[in-house]
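Trainee: Got chain D sorted already, so can you dock chain B onto it with the hints?
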Amino acid sequence: MSFKDIKGQKEAKEFFQKAVSKDRLGFFYIFAGPDGVGKGLFARELAKSLFCESGALRPGKPSVGTLDNCSSCPACLRIDSDNHPDVNWLDVRESAELVSVKDARPLQDALYLKPAEGPFKVAIVRQADRLSIAAANSLLKTLEEPPPGALLILLAAALEALPATVRSRGQVVRFYPLPRDVVEKMLCQRGLGEEEARYLAAISQGSPGRALEIAQRDGFQEKRNLVEAFAHLSKENDLKVAEELYRRAGKDAQNSMERRKRLLNLITYLLYFYRDIYLLREEAQGLLVNEDQGDLVRRLSQRLKSGAVEKIITILLETKRNLLYHSNQHLVLAVLTKEIVNLAVP
Amino acid sequence: MKLRFAREALREAFQLAASVAGQRTTKPVLQNVKVETTEQGVIVSATDLEVAIRLSVVEGVEVLEQGQILLPASRVAGILRESPAGELELETVQSGCQIKGKDSVFKVLVEDPEEFPRLPSMQIEPALRIAAKDLVGMVRKTAFATAKESTRYALNGILFVITDHTLELAATDGRRLAVATLDLEKTEATLPPAIVPVKALTELERLPTQEEEAVEIKLEETQVFFKTERGLISSRLVEGNFPPHREVIPKDMDKKVKVRRESLLSAVRQAALLTTEEAKAVRLSLSPAKLTVSSKTPESGEAQVNLEVKYSGKPLEIGFNPDFLVDVLRAVEEEEIELEASEPTRPAVIRAGKDYLYVVMPLTLL
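Residue numbers (this note's numbering), protein chains in the order written: chain D, 128 to 473; chain B, 5 to 370.
Because the hints were derived from the structure by calculation, they are not lab data.
Please read these numbers as outputs of a predicted model, since none were measured by experiment.
Watch out, some of these pointers could steer you wrong.
Said to hold, decoys possible - Okay, derived cross-link-like pairs now, DSBU-like style, lysine-lysine, Cα gap no bigger than 35 Å in a straight line:
#, chain 1, residue 1, chain 2, residue 2
1, B, K203, D, K229
2, B, K259, B, K318
3, D, K268, B, K203
4, B, K294, B, K255
5, D, K268, B, K284
Stated by the list, open to error - Just a few of them, taken from the derived set where beta-carbon distance is under 7 Å, the chain D residues facing chain B:
#, residue
6, S208
7, P212
8, Y239
9, K241
10, P242
We put the CB at the ideal spot given by N, CA and C, even for glycine.
Only chain D is shown next, with the shape it has when bound in the complex (with noise of 0.2 Å):
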């Protein structure tokens, strides 16, 4: 991995490059744009251009002005491999809901030590938007007075979500969504199949790291196998369907959020083959997300009475809605499996 690797991104990458070029590199940024889309990888590659051994960026050479680092000196190998002393992470993936002072203050300590290899010292805050409204003022004492070769980089998917008196400290970066062929091309080059390559880039949003989280939860076989199902939805299985999926959500969940979660990406896989299903029946322009079971689409559309693939499509919103409450899940799935037979099986 390395610079020129990164996937798109050319506003931020020209902002950098000019930032750098100019010797005008500041020392808080916030990198906005929604998840799996790059942003901890740009973090990280800027990191090591700043300390790799064979850069421009090390001090004392004059700055030739080219952002890019080799991937191959120790500093860069210890920077990929989280090891290196003044390059530090404050990860909340799998920390509670909201990162709390005391989670955020490691980071700051690490930033008020001198350099270990210096000049800089980099702290970077994944999903800052997750932090907690304590944690996000204690950083401002910080970037008031930043420390000499500090570098403060907070990724967040909802800018809105940082109090003003951050946000308004920091330069924003805007990460965008990827061009849907490109995201193809590098699920393709990470060893997915075509078809699920396809499907993956179009349900993703321009997310390749959405779409690689979606494929190593076997997310691609999971849908073909519910579409499947529901394709074939009748009144005599209707209420084992609900079960299966109940029963397959809940498979290896270790609470009942991430079954939640599982329960609402079934879902979405569901709005995508009605929505292709919505399309065909309208003879509108546009490509089929599950061109994959194209068979199954175009049988659907032709067997579903006029008006209740809308109708579909909005219990399917509403359940969805529904298991972001308390509610029963397993109740919510047999009644949404009971309305879409009564649509489509007159």
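Mentor: Coordinates of chain B only, in the frame set by chain D:
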């Protein structure tokens, strides 16, 4: 790599290194202790990226094959602790390391030594050299006055000021200040002041040293090094500016009294028995030939302890947080200390010997 060693030879060094190894889980490689061979023996090292420790072990270790290895700190420390005394053999094998005792064999999975952070060299060019026990004593007399987990990071460390003829250590948490000085025989160039994290200095105390052994100190722009015969501790320095502590040392003290340290310590502790968390204050009343330490809280009652002193100045009543007195009275070793004050609202000074000074803010008495 292959070693044969007596368990005792490596255990102590390994445990000391393991205690420095990082508990921060974000950088898993730090939970290892690095062992590398030298011509005479081995060097055992660990770091948490703030403090690094390196210990050389020569006696009782036989190097059969050169090399280096990372050993998981707590597991291997456990193996060395639980193994019966005697000879052990450590050898790198595929994807791990094998530790063999007389009746036991352990295969431990290990990480790549290349991943380990860079460690300082064991050879340093010292800026100064002082007796280990002097340095440890100075640290003991100042470390307690540092702030704990303050966001004013400079106050969490101890300030080192080295001039051409003295070494001065200062620590403050904003309500008290401890300053220990030491005359240096050798005159060296003046170095810029540095703030050293307390962690490095407490490790220093645990370094195995011989009687009369010296510590070599080297200060760089971002790091400090302490070296003894067998060990080296390095630490990153703290960013920021230490408050100008010389300015808060009061100079116009008109009320001075000498007190036996043990008696004052005991008196303060007795009087503190009847204070509460909400009203933690003892009153020191100084009058001719008498020093009274007392406390009074509406919830728990009153205490009064009298001490005989040689004093003939004006009377004074001044209040203190008893903890702030107990800390200092326990840290110093002199038989007699000198208490100096001027007014109840101005800081007081405690001196122990000519090289130690403690400034403490009084409490307002109601």
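Trainee: Tell me, in ascending order, the numbers of any earlier hints that this structure violates.
Mentor: No numbers; nothing is violated.
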